[in-house]
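Student: These protein sequences, in sequence, are chains A and B. 1320 is the number of the first residue of the first sequence in the working numbering; add one for each residue after it. 139 is the number of the first residue of the second sequence in the working numbering; add one for each residue after it.
Simulated from the structure, these hints should not be mistaken for lab results. Glycine included, each C-beta is placed from N, C-alpha and C at the ideal position. One should not assume that every hint holds.
Computed far set for chain A versus chain B, every beta-carbon distance over 10 Å [as the list claims (entries may be wrong)]:
| id | residue |
| --- | --- |
| 1 | G1340 |
| 2 | L1370 |
| 3 | N1386 |
| 4 | M1421 |
| 5 | D1555 |
| 6 | P1583 |
Derived PhoX-like pairs: lysine-lysine, alpha-carbon spacing no greater than 25 Å straight-line [stated by the list, open to error]:
| id | chain 1 | residue 1 | chain 2 | residue 2 |
| --- | --- | --- | --- | --- |
| 7 | B | K323 | B | K308 |
| 8 | B | K252 | B | K240 |
| 9 | B | K298 | B | K308 |
| 10 | A | K1579 | B | K201 |
| 11 | B | K255 | B | K240 |
| 12 | B | K201 | B | K240 |
| 13 | A | K1418 | B | K227 |
| 14 | B | K227 | B | K201 |
| 15 | B | K308 | A | K1418 |
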Amino acid sequence: MQGTHRSTLLHSWAIQRRVIGALLIRESLTRYGRHNIGFLWLFVEPMIFTLFIVALWTMMRGSHGSNLPIAAFAITGYSSVLLWRNMSGRAIGGLGPNKTLMYHRNVRAIDVFIARLSIELLGATMSFAVLSILFTFIGMMDLPEDILKVLFGWFMLAWFGTALAIFLGALSERSEAVEKIWGPVSYILFPLSGAAFLVDAMPTQFQDFLLLFPMVHGLELMREGYFGSAIHAHYDMGYMTIFNAVLTLLGLANTRIISKTATPR
Amino acid sequence: MIEIVNLSKHYPTRQGAVAVLQDINMTIAPGEKVGILGNNGAGKSTLIRLIGGIEQPTQGHIKRSMSVSWPLAFAGGFQGRLTGLDNLKFICRVYGTPFEDKIGFVEDFAELGKYFKEPTETYSSGMMARLAFAISMVIDFDCFLIDEVVAVGDSRFQQKCHDELFVNRKDRAMIFVSHNDHYIKEHCQRAAVLQQGHLHQFDDVEAALQFYHQ
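Can you build the whole structure from these sequences, using the hints too?
Tutor: Written as structure tokens, this is what we have:
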């Protein structure tokens, strides 16, 4: 019979696409429902967050160690934080409420993660795009000097966020400590992620330490795309690629382990 | 055909691994009705879940060349904030079946009235069970897994379920798990008994029941 057992690779891919599509509709209906602004919450919620940060940083003007336009600085910085922090937040413990779905053989842990994370990624990306366009329109931001660098930086940050979320999400199924520890860790990572500073403005001996964090590289590239010659960006996309790739493999391996041992009630 | 080959399932506990199923071999042919008997905790449900692919075996494997249902009338996968209709659409999407022509059947069969388009968290347990049974009938499986007696709703509704499953789908394979003699006798051609993780198979139901009650 069609579509009920996995046979060829192509067939599996067709099933997986179908399952992820079904999960996407289910997730978004469940999360945003059909009330008031519904699906708009997808990007309105992260937009509100980012706007608060823009307002806050505008009031504390100048503390980021350069004379760049503060709105552009805050929007690039905080939007990137939303990516890895919100995605991880949705994935950690995210399997729990969806475990009963595994009564349907074709629904697998990785499908649940992918569906959840796609929604989060779409929300963060739309929030970033809408705010950038809005602030450019009212003249508080300039157009990026090199949009390709911005897009590449965003892509790398999204990859990092996805890999980190799958890794932590799968790990949280194996140990409850993950959920408890991730709270404080993500809090510490926020100031270290480059959102609130340029690496170049930091003391030299501190720069090497900051560049250990992969999200700093993606964000520096994005800001170079935005501000171009006005800043001196520090990044090594090779380092970030390797970091992301290793994290992706660890995440997938962990997901495989939990799929083998999962016992839906 | 479903082929269960050298299947074992262990669960980790704080006192070490517990072997729930050990080295089980069984074949189910298309259209066959097989009963699995066993006391509480003998591992009947675990076996059904492994056959359904809900859990993965510790050792051995299961080859499925026919499509296998989820345990019948299972309602756990329903999302409370979604309506009965949304949940039906979700199941259809997952199994790649168009839902347009199923809506009428489920709406009619589950007898939910206007609640069909209300969130399932507002349903009573009876309504939930009726919806779950109706949705189980929507996907065209070759083999149905039936964990314990399907006794949903009042006697009239039970008759409806009986007709839908055992009359309209009498050509399908079915695997029953139960400790109810009467139920197994009524529906099965052969049966097996699970005891201390081992599966004892018998060609006729009477012999299995005799062994089970020893």
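Student: If a hint holds in the structure, say so; if it doesn't, say that too.
Tutor: Status of each hint after checking the structure:
| no. | hint | verdict |
| --- | --- | --- |
| 1 | G1340 | 6 Å, violated |
| 2 | L1370 | 28 Å, holds |
| 3 | N1386 | 49 Å, holds |
| 4 | M1421 | 6 Å, violated |
| 5 | D1555 | 40 Å, holds |
| 6 | P1583 | 6 Å, violated |
| 7 | B/K323 x B/K308 | 16 Å, holds |
| 8 | B/K252 x B/K240 | 17 Å, holds |
| 9 | B/K298 x B/K308 | 14 Å, holds |
| 10 | A/K1579 x B/K201 | 17 Å, holds |
| 11 | B/K255 x B/K240 | 15 Å, holds |
| 12 | B/K201 x B/K240 | 30 Å, violated |
| 13 | A/K1418 x B/K227 | 19 Å, holds |
| 14 | B/K227 x B/K201 | 29 Å, violated |
| 15 | B/K308 x A/K1418 | 32 Å, violated |
Violation of the numbered hints given earlier is confined to hints 1, 4, 6, 12, 14 and 15; the remaining hints are satisfied by the structure.
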